[in-house]
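Residue numbers (the numbering used here), protein chains in the order written: chain U, 1 to 175; chain D, 1 to 648.
Among the hints, a few may not be true.
[Stated by the list, open to error] One-sided excerpt, in silico: chain D residues whose CB lies under 7 Å from chain U:
1) N73
2) L314
3) A318
4) L322
5) L325
6) L373
7) A377
8) V378
9) P579
The set of hints was computed from the structure by calculation and includes no laboratory data.
All figures in this text were calculated on a predicted structure; none of them were measured in a lab.
All residues carry an ideal CB built from backbone N, CA and C; glycine is no exception.
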Amino acid sequence: MRGRWRWLLPLAAVPVLALLAYGFKLNPRDVPSPLVGRPASPFTLTAFDGTPVDLAALRGKIVVVNFWASWCNPACYEEAPVLERGWRAYRDRDVVVLGVDIQDKDEAALDFIRSFSLTFKNSPDRNGKVSVDYGIYGVPETFFIDRAGRIHRKHVGAVTDQVFRETVDTLLAAQ
Amino acid sequence: MIPELGTGALLVALALCLYGAVMAALGARRGRTAYIESAQHAALAVFVLVTTCILLLAYAFLTFDFSVRYVANNTNLGTPFYYRITAVWGALEGSIVLWSWMVALYTLVVVLRHRTSARELYPWVLTVMLSVISFFLLVMTVAAPVFARSVPIPADGRGLNPLLEDSGMITHPLALYLGFTGFTVPFAFAVAALITGRVGDFWITTTRRWTILAWYFLSLGLLIGGWWSYHVLGWGGYWAWDPVENAAFMPWLTGTAFLHSVMIQERRRMLRLWNIALVILTFSLTLFGTFLTRSGVIASVHAFTQGAIGIFFLSFLALVVLTSLALIAWRWDDLAAQGVLDSVVSRESAFLLNNVLLVAAAFTVFFGTVFPLLSEAVRGVKVSVGAPFFNQVNVPLFLSLIFLMGVGPLIAWRRASLDNLKRNFLGPVLIGAVAALVLRLLGVRSTVAVVALALTLFVSATILVDLVRATRARRTMGERTLPALGGLLLRHNRRYGGFIVHLAVLVMAVGVTGSQAWSVHTEMTLQKGEQTELGGYRVRFDGLRESQESNHGKVTGTFTVVAGRGAGDVLEPAKKFYPQEQSPIAYVDYRLGFIDDLYLVLGDFARDGSHATVKMQVNRMVSWIWIGGLILTLGTLLSVLPERRKIA
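Full structure from sequences and hints, please.
Next comes the structure, spelled out in structure tokens:
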């Protein structure tokens, strides 16, 4: 390898680097949820304000079920205002946001709700049954349920305004 | 307050680091000593500042300062004191701080040791090392800001990953990172050699101890990682070919190859290009390892949370690889080999083969690790490559390496005569062959186990042959046996340190072989008072007990274990329930032994304590792996002692 050809040596590394760069386009954790397209499993909980929450009774409405915890910083802290905004913007159009607080202490959870002035219903999942039914892997995870009670989409990680709007708008338009 | 102080220190450190890197390079080019001295001061200041950052972080952890987001994410009010210290480097951001601190420390030692001894290379070494630190400081300020504020400040933190609440968390990352970062030094010397064109042997002899040190810490880190996996994770194994284990193993393989190939260059002036390439490869693989663990590209039990950091690491990796290769291209003619291989039957060729095998192993591990990525890129199919692939490919490679371990140190340089071969190897080969036969007759069915153990004995015999012969030579000079042996080890510490490290590898090989071939396990549900038997142990379930610890709840099972006719021993495996975790964490209990370990993992149980499922394993000879680690330490210590031959 003499003369100018040797300057091609660095090119040898390019395919490997390109392959690694391609890795950014993928998410190895993005395991498709088997629940999408299936009927959402019904649950009844008691919200922090003492009122009952019954998913089955909300059939006919679009329901956004968000699993969170007060110790889930920063993702849950990022999305709390997003959910509240979404709830306020769409509540008149048959959209319901439900928060399910998992693996948490009540005081810490109530602090969390107060600090973000959340007005949608939040309930503790005391024995973890709902999280198991929904195959929760970590918090936050959010399920978008259509009017027929089927899970339309599962979102892992903090919900953004864009995700919220796009998904809910799609579901509203599906009528 | 801490977030601002910390960020400030980081920014100043970054500025000084860049300044130092530039000044050292300018000093080298223009021959200005004052510039280089200024760069040295910068290096010192960087070390002090990064140390300050670590101390600030530790202080924030100890005082539960949840205004630091990193602290809030990795501790809570229940986290015990000890784990608040280890939490400093327990997650992504902190691990980078620790990393940079270590490179800064190494840089400082390089300044102290080499500023006068390696005048030509030294300024460039400084430039390279400060540039590496700059990169990590940049990551710490931009991509993974360790001192980011949490807004709003949470009342309590999330808590440390419970699996990291283990004493191994203090030693494993420290050793591993000392190993990873240690390779920065030989890499910096290699780049300096390329830049100055002094690609002869000087950089290699100068960095010999550095390389051994880095290699040793990396070995130790891998071993402690294995120990952690064995006694914490509760699956009963010590190695799983997980992508991140592989990430640490690859530089170990190429680093091992480098340790051997430099001897050929020192002795025969061969392999200049190869050695430079190997050290660059090793350093790049350490970066690749950090990239893999922190980019979220490949799923792994070790993966830290992901962020923009992946792009940073990949860019830096690309910069390092491309620049190094361009430098090699530039110095191509100087790197041409001088020596030639005289014969295929010689020590040179044994070492060469050893290098080829080690690099081949590194390549297969690399291939297996990135294959899922390749598969998704090319065919769009998600696959995972598991242990069977790695074992199938690597076991023959490792067996061949063990064989070469016996051949390499004893065979003659240049060209081995038939007489040399007979004198050194006839006995050991016979011992190995007889051992294989005996093992077969004893009923050992696994061919791999037979071959591995026979090879181990063969190599041990070669070491013994050498030791006996050399001691005898000294005894004929009138020394007694023990002083002769001691004098031999100390005078030829490099050679015999190497032998002891080989011995350590053999002991570990026995441990790995034994545990793979003869371990037994079972899983069953026991009623209270019921007992079962496995591998010579009788295990009785005596009941359950609930307790509340500072940051978790715990259910402990009590099992009485009797081995043979001896008295009973109580083992208490448990399940720990952390509020921040979805599933309980197993707490393994075990009884370690020289020949076998009994290992219990508590599975499902009835709340009233009437019955419980328990996973039982009798793992054979695993302790040999840890004992091998101790021997490895002794051998390394011996080999880095200052050489005494010349004084004597």
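Here is what the structure says about each hint:
| no. | hint | verdict |
| --- | --- | --- |
| 1 | N73 | 6 Å, holds |
| 2 | L314 | 6 Å, holds |
| 3 | A318 | 5 Å, holds |
| 4 | L322 | 5 Å, holds |
| 5 | L325 | 4 Å, holds |
| 6 | L373 | 5 Å, holds |
| 7 | A377 | 5 Å, holds |
| 8 | V378 | 9 Å, violated |
| 9 | P579 | 5 Å, holds |
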